[in-house]
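Novice: One-letter residues, chain by chain:
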Amino acid sequence: MKPFKALIVQWAMILIVGMASGCSPPPPTQSLDIAQALSSDEDSACYDRAKKSETINLPSDHGPHNGFKTEWWYYTGNLKSGSGRHFGYQLTFFRQALACRTAPGPSKWRTNQFYFAHFAVTDTQNQQFYSAHRMNRQSVGIAGASRSPFRVWIDAWSAKDIKGPDHARPGSIQLTARDQEMAIDLTLVPEKAVIFQGDQGLSRKGPGPFDASHYYSIPVLITQGKLEIGNESFEVLGKTWFDHEWSTSALGDDAGGWDWFAIHLDDGRDLMVCQVRKKDNSPNEYGFGSISFADGTYEILGQSDFSIQAVQLWKSPKTGRQYPARWKILVPDHTIDLEVSPVMDGQEHSHMFVYYEGAVRVTGPVTGLGYVEMTGY
Amino acid sequence: MTLLPLIRTCFRTSKSHPLRTFLLVFGIALGVAGTVAIDIAKTSVSRSFDLSTAALTSRSTHQVVGSQFSLPQSIFTKIRTHIGIHDSAPVITAQVQVKELNFQAMTLMGVDPFSEKKFRAVGFQQQDRQFSGNLAHMITRASGVLMSSSLARAHDLKVGRHLTLMFGDREVQVPIAGVIEGKDTTVGQAFQGILLADISLAQEILGLADRISRIDLVLKDESEIEAVKNLLSPSMVLVKTDQQNQTIRSLSKSFETSLTAFSMLTLFMGIFLIYNTVSFSVARQRKLNGTLRALGATRQEIFWAVEAEVMVYALVGSVLGLVLGIALGKGAVHGVCATVSDMYFTLTVSQIHISPVTLVKGIATGLLASIAASLVPALNAAGTRPITLMQPSGGETSFKGYIPGLALAGGGMIMGALMIFSRSESSSTLIFSGVFLVFGGSSFLSPCLVLGLTRLIPSLLGSVAGLLKKGAGPQMTLAGMALRNIRRSLSRSSVLIASLMVVISVYIGIDTMTTSFRRSIIDWVEGHIGGDIHISSTDELNRSLDPVLVEKIQGLEGVSGISAYNIHKVFSRVSGEVHIFSYVRDLSEKQWTWTALNKIESDAIGPPGTGTTGVEPDGKSLNALLEDDWIFVSEIFARRNGFIPGPGAFVTMETLKGPVSFKVAGVFRDFFMGGGRVIVSRDAMKTYWGHQDITAVQVFVKDRSAIDRRMADVLSLISDKTRVSIRSGLSIKAGILGVFDKTFLITSALQVLTAIVALTGILNSVMALILERSRELGILRACGADPGQIRSLVLWECTFNGFFAGVFALPLGYALAWILVYIVNYTAFGWTYEMQASMSTFVQALVFSSLAAFGAGMVPAIGASRISVAQALRTE
Amino acid sequence: MDIVLSDISKTYSGGDRVIFKDLDAVFRAGQVSVILGKSGSGKSSLLNLMAGIDLPDSGQIRIGSTRVTELDDTQRSIFRRRHIGFVFQSFNLIPVLTVMENITLVSQLDGQVPGEYRDRAKALLDTMGLLDRQNEFPDRLSGGEQQRVALARALVNQPQIILADEPTGNLDAGTGAGMLDLITSQARSLGKTLIMATHSRDAMDHADKIFRVQDNHLIPGRGI
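Chains as they are written, first to last, in this note's numbering: chain A, 12 to 388; chain B, 25 to 900; chain C, 938 to 1161.
One thing to keep in mind: the hints can contain errors.
Unchecked claim - Each pair of labels, with its calculated beta carbon distance range:
#1 B:M863 <-> C:T948: 53 to 59 angstroms
#2 B:S257 <-> A:E202: 43 to 49 angstroms
#3 B:A433 <-> C:H1136: 16 to 22 angstroms
#4 C:G977 <-> B:S457: 50 to 56 angstroms
#5 B:T562 <-> A:P115: 27 to 33 angstroms
If you are wondering where the hints come from, they were derived from the structure by calculation, not from laboratory data.
Ideal Cβ placement from N, Cα and C applies to all residues, glycine included.
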């Protein structure tokens, strides 16, 4: 699904390189060091590329693919407390290779891998959005990812396999993260089969031979556990969408951002659609999606199978950016006609790079809950 | 407005006496210069400390350190992943000399840039600085170090060039990966002394394997503190950063205290010089003021006219003093910083810091001291009787009436000072008030003493004259007259004598302190560096010697014995860095100076050493005690740890097994390093700190004349000669003394200053006295005294003044030395040493003071002998 | 302004040496008085008392309507510089000031307007024949010239009273006589009260009134 998270990183790079070369306005006083750390100037030729011959093998491919430049593990979900109070949550781990190889040297601090993570909680009732991030090099065990059993972590934030490997479906996952204002400790049990996005997991992004990523999703993980906000603690239950994607190559040069939706419909269907926008904000032809049915089977959607239309705008007081705040989503072949709106405004991350990732509510003929991600605004 | 003509008159008068005016300005300038120079030295040292530590200590609230300054990095991983404290940063630091920077001492600092945001990195990013060079490369390739751009420029180093890092004789080549801009801010300055590297590179350069130096933390609450504590193994310590900084700061404080003492002394001298100059200047203008009074000038007008004039010169003098002081201060900074780095704490940033405060302080000192010093003379001037009422000795009769009161006040002040110094611990302010009281008190006492001496000496002179041949007769008469002159003009003589006394006593005090200290150090060096040949590792990263080598040396022909030991630095919460020693054997051969022995054990190792009397305990018992897990601690260590000797007294130290309490068998005198020194048994070293190596060997040879040959023998046993240093005991002793001598550069400068002040003061006063007496001298000439006799009379008077000052300065100087040695030094550095008053210092002082007075009298004496008789008689 | 001394007693050296005892005297305004007496008899002391430079042990001095003995030191200083001109035996010119500056010093001390006193000083110097030497320093002048400057200094503030203590004491006979002429003629032409202490008999010729200090009293009369 989020095929184009690569964009985030790409785009962060542009920002960063701009800073470093000094052609943009004076850099903000924070995080220049990190930004520069990311501005690896090596070209991509020495990295692995996504290609058809590499089919995805689970569970081992849950683990990291260090030969690729970029990789992420994405958990987003909607939860409810016993009293029916709604929360959205997001825990995402990103891996970024800073170079193809680690320079030689005996120190265990040496690495070419770098991890960062975003953790967010949406408190719908109080209209509060909490967001935090972490960043570490993959050294001496303070961040990393492992294959068997699967685990990805930064500091004490982690996602890990707690049930052992299972060839058909990945095992249950425990998500743990804590920041000053919020914490989660959730157990995720997969309920539907893995969706191999695109062409059996090879998700094309552009016309070039390597313009693709390896991409699979688990549309529904039943999520149960504890969520804390401030001094309050809630027993919560709900559904999570999981994406795992890795790639090296970039999106097309004309890509300006994307709008991505993952929606759990109350009728048992789960929909993911994503449109890539060009610089002029019109959709390009590389949109993609999937729909999975109550019985666990799924279909892959192409650009022509769906449409996303913004019907209302919201301007962020923090960053001044203007985002769509209400959409109409149509998938005519499956008689889907949705009105989608955020559960609250302002679910915007404003850390190193700025994007919108928030819980959404669906009305229309069918209702449901989901997550939206918007970049490039 | 009406003051203006008066002031103008005063200035005209000053202008017509350029030398006197110059002396006034010079006196003020000298006082200010001394204060400013030492203040600059003080603030620069303190700032150098700050800068040398600021970048290192960061914004952490806490630090995790190892009992031996290193930690396994796994503890960092645990802090991050087990308790999730993201505001934590691993740090590696090490002192290194850099060949390409003229062997400047730098701190090699390894950090993880990703962890730095909360700690130091933010500091890099203020507007005016940016990295050049690719930080991504720095991390992924970890190929080089970052250094301050201004430092790089100064040494013509460019990115890509290699630096040679030297750890003793071990050399490591590392390229410059980039430069850090920013020379104007504190952070930029702080990085002047730092080579910044990715933690991986630092680890590799230092061969630390999987260890780091420490972890910086920002802990938000008790629960986080507890959580971290629970993770730590016994050999790790969680300390508050403030506390750590204070430990380092306390070193800087040592220097500040002692420098403050010196700046106070300079100031005292300055004040006296100003007082002296102003009061003579006023005396000179007595007739003028008398005329003005008769013509209708009020007392207030005269007072303000005098003050206004003094203020103008004070301002001029102060500004000159600033310039002079800055020049002197720069020299002093280098001296002091070098000393500090040699002995206590490597100052990687040695910065001359001239703060506006210092300059304001300097000017204020000049003005205030001038006001204070001119207050009495100005009041005197205001009290000048109109000229028609003047009688030659009018002022003196009234002054004599004050003498008992002054003496009483002086006695009281000295009593007050005694009370201050009898307290066991005094703040430095109190100490300096004490010094002030001592000086003030003795100055107030001096008229009374002068009076006594001038009465006593004529009778002595009389008997001497009787014994001498007749030719000496006229000289004796002149000497007697000179004494009467001193007595008659007591109010002036005693000012001269008191100021000279203060200056000479400062000379004596400093000289006595310096010689005593040096003597103690020689004793200590003799006692502790007994061996004829010293062998130690030059690899600062690995100091262990090959044990086989030790055996081989022992087997060498001509070697009568060896003493092997190891030294290891361990962490102490209280004193920062403590050096722990364990000797293989042979404690008895050292000369220990015990400043305290634990009472319980006094039977075993001799009588309890009270005070500073040296006791040499029996060696066997010493070793036996050590094997019983008793330890010996140095004076500095004891003081830092607030250790009070007594039965059952113990100190707690950080060990591999956590904090352990050790019984202390004795406290010995030591001048070694800042944090103090502890002697433990070999077993204790192994058990508690995990070392059983040998880091140094002292070799005793049978025939001392053959030391060179024995050194060659030892050298032949060593395979890797670059890693081992062999030095003769003599050269080591010389080296240590050299370091300590450098410490006293600033005091020597102060001594020179005292001499200048003394000469200036005398010259000034004598000239004024002579001029005042010109009529009298005219009469003498009219009565048939020849010019030579006039010269003699003047010179006798000068010499007596100098001699009296010298005599009074002896006890005062002794007292000052006592204060410097037992109070100031102890407060500042925590060590004591025996004060050894040397006769030669006293004789020197006496001779100097008399000769200086004699010399200063020469010019005025010649002038006096040339007085025109008629003119002198007519003018009154 | 009359000067009235009543019941003046003055001792020195802590009462050991009695100078005056219950002395009464009146000096009339506009008259020239000469006080004769041996050296040390108290002539100078009497002038000091009248000038408010010194205070009697008891008794009262009134000048015009001002009771000088009841003023404090500052008030007396100010009274002195406004109402009394003093001429000393040893001139007491201030060596670092020029002739003009010496003369105008007192006016300046009093905070007067420069234009006025400078004009007065010039006129006086002209009278004394010293106008061309106004910018010289005292050490370039002869004794007689110095004393003339001192007289000008005493007159510049237009005091009603001039006190002169042995004004010819440091001058040779010829110069001294000239000085006496000058000082008395100036006093008379300006209508000043002049009191001169001297042991010079020449002075008597110029006097309206002669006093002698004798046995702690001031005895009026002519001749010795």
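Novice: Does 16 to 22 angstroms hold as the CB distance between B:A433 and C:H1136, or does it fail?
Specialist: This hint is violated: roughly 47 angstroms between Cβ atoms.
Novice: So does B:M863 sit 53 to 59 angstroms from C:T948, Cβ to Cβ?
Specialist: With a Cβ separation near 56 angstroms, B:M863 and C:T948 satisfy 53 to 59 angstroms, so the hint holds.
Novice: Does 43 to 49 angstroms hold as the CB distance between B:S257 and A:E202, or does it fail?
Specialist: For B:S257 and A:E202 the Cβ distance comes to about 44 angstroms; the hint holds.
Novice: Mind checking the hinted window 27 to 33 angstroms against the Cβ distance between B:T562 and A:P115?
Specialist: About 28 angstroms separates the Cβ atoms of B:T562 and A:P115, which means 27 to 33 angstroms holds.
Novice: Regarding C:G977 and B:S457, is the given constraint of 50 to 56 angstroms on their beta-carbon distance met?
Specialist: holds, 53 angstroms
When held up to the earlier numbered hints, the structure conflicts with hint 3 and nothing else.
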